[in-house]
Each structure stands twice: as C-alpha cells, then as structure tokens.
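Trainee: If you read the protein sequences in the order shown, they are chains P and F.
What the first sequence shows, in my numbering, is residues 1 to 115, in sequence order.
What the second sequence shows, in my numbering, is residues 116 to 228, in sequence order.
Check each hint, because a few of them may be wrong.
[Said to hold, decoys possible] To be clear about the criterion: a stretch of chain F counts as covered by chain P if any three or more of its residues have a C-beta under 8 Å from a C-beta of chain P, and this derived list gives those stretches:
1. 175–185
2. 188–198
[What the hints assert, rightly or not] Output of the computed footprint for chain F on chain P, the stretches with three or more beta carbons under 8 Å from beta carbons of chain F:
3. 34–44
4. 48–58
5. 102–108
[What the hints assert, rightly or not] Only pairs whose alpha carbons sit at most 30 Å apart, straight line, appear in this in silico DSS-like list of lysine-lysine:
6. F:K116 <-> P:K78
7. F:K183 <-> P:K62
8. P:K71 <-> F:K183
9. P:K15 <-> F:K157
10. P:K78 <-> P:K15
11. P:K11 <-> F:K157
12. P:K78 <-> F:K157
13. P:K78 <-> P:K11
14. P:K15 <-> P:K62
15. P:K16 <-> P:K62
16. P:K62 <-> F:K157
17. P:K78 <-> P:K62
18. P:K16 <-> F:K157
19. P:K11 <-> P:K62
20. F:K157 <-> F:K116
21. F:K116 <-> F:K183
22. P:K78 <-> P:K16
Just so you know, these hints were derived from the structure itself, not from any lab.
C-beta atoms are modelled at their ideal positions from N, C-alpha and C, and glycine is treated no differently.
Chain by chain, the residues run as shown.
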Amino acid sequence: EAGVVQSPRYKIIEKKQPVAFWCNPISGHNTLYWYRQNLGQGPELLIRYENEEAVDDSQLPKDRFSAERLKGVDSTLKIQPAELGDSAVYLCASSLKGQFTGELFFGEGSRLTVL
Amino acid sequence: KQEVTQIPAALSVPEGENLVLNCSFTDSAIYNLQWFRQDPGKGLTSLLLIQSSQREQTSGRLNASLDKSSGRSTLYIAASQPGDSATYLCAVRPRDTGNQFYFGTGTSLTVIP
C-alpha cells in the first residue's frame, strides 16, 4: 500500500514568486496535516483537516499561505508571495480519522528554498 | 500548551553500544506518544507508537517506554549500528486537543564504525 505522497520534492524560487505543494494521504486516512520544519527543529503544524474541513489553521500565516483539500482526499498548500523566511521543509502527514490512538504517517517532504 | 523536550540534542557512540534517547513532556494527559526517525533530507519514519495505557513497545532492537506520571519516554537502541545514524524525534498527542501532535526538536545520533 502506498504511503503519503508529496510533490515536488524540491523547489527553488525567487522571493515574491508563488509556489504550491501537493499531498496525497494514505488511503482511508481522513485526517491530513501540513507541517513546516526548519533546520534542527521539530515539525510545526500549519493546518489540519478532518475530511474537507480545516479544523485547526491557527498557525497558518493567512496573509500569504492558503490550503485546500477538495473532496477530502488530496491537498494543496500554496504560498503567495514567498518570502526568504519561508525556506523550510513542508511535510504532509495523515492519520486515521476518529482514532485518537492512531499512528501518524509522513510523506518525504517538499524542500523549499527561497532566493 | 504541551511542551516536548529531547535531551541531548546530539549523541555520538561507537558501534555496538546500547544507548538511550530521552523525551520529556509537560502534560501527562496524552492519548499516545510516537517515536520517529528522520534521515537527512527525508520525511519522518514511524518507529514505535505507545498508547497511554501501555508501558512499553518493542520492535527489533528498539524498545520504547512510557511513564506518563513523570512525563517521560525513553527509546532504547540495542547493539547500535552505523545505519542507526539519524535524528530521532518524539511526538505526543494530548487529550485536550484530540488530533493534534506536539514534537520535540530531536536527538541527532551518530554511530561510529
């Protein structure tokens, strides 16, 4: 069974340009998370979805970040315009909805470099 | 807010040594605790998941323990190998936030051949 799939793996852009990341969670996992990880740090939550609903987006910088999860399956995270400080690894994860004891699974991440 | 701490930040051991990685958290009201491994440039790979009702979990050379009352978990790695070199992170799922996870900053392990 396929794990969490993310693309692209790497992206280099100039500041003020837009960028988008895509994630497909494990089949049957209705809870989807977007995390940002800076070098030497643990992942920090940006947004969490239960099906199509964003239930926790308190850490998402809404002036430049947006996310969507149409049909409750795959998800897209967008940054527009990108800033130098957005350089990080963007991780997508999923777990089984309604299972507070469920395991969290991550994709390989998308490494963003803003020049 | 739950805070998760991992000490030391980095650890270097000779091959074959048994070692313990530490994870501490401030609020003992958790659903579970999960240990992950992260190789450079990669995502996080789940190693062990310990439910709040459990005291330990084992997988191969790995053994994770959980002491909720003291807010601590340890990851024991037996007979370390160079291939174990990676960053190890722990994450807790607090009861008051449901599906939220809080991560430590990780311990970077180097096993010297």
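Trainee: All hints, please: hold or fail.
Mentor: Evaluation of the provided hints:
no.	hint	in the structure
1	175–185	violated (count 0)
2	188–198	violated (count 0)
3	34–44	holds (count 5)
4	48–58	holds (count 4)
5	102–108	holds (count 6)
6	F:K116 <-> P:K78	holds, 28 Å
7	F:K183 <-> P:K62	violated, 36 Å
8	P:K71 <-> F:K183	violated, 38 Å
9	P:K15 <-> F:K157	holds, 24 Å
10	P:K78 <-> P:K15	holds, 14 Å
11	P:K11 <-> F:K157	holds, 15 Å
12	P:K78 <-> F:K157	holds, 21 Å
13	P:K78 <-> P:K11	holds, 13 Å
14	P:K15 <-> P:K62	holds, 17 Å
15	P:K16 <-> P:K62	holds, 16 Å
16	P:K62 <-> F:K157	holds, 27 Å
17	P:K78 <-> P:K62	holds, 10 Å
18	P:K16 <-> F:K157	holds, 26 Å
19	P:K11 <-> P:K62	holds, 21 Å
20	F:K157 <-> F:K116	holds, 28 Å
21	F:K116 <-> F:K183	holds, 16 Å
22	P:K78 <-> P:K16	holds, 13 Å
Hint compliance for this structure: hints 1, 2, 7 and 8 are broken, all remaining hints hold.
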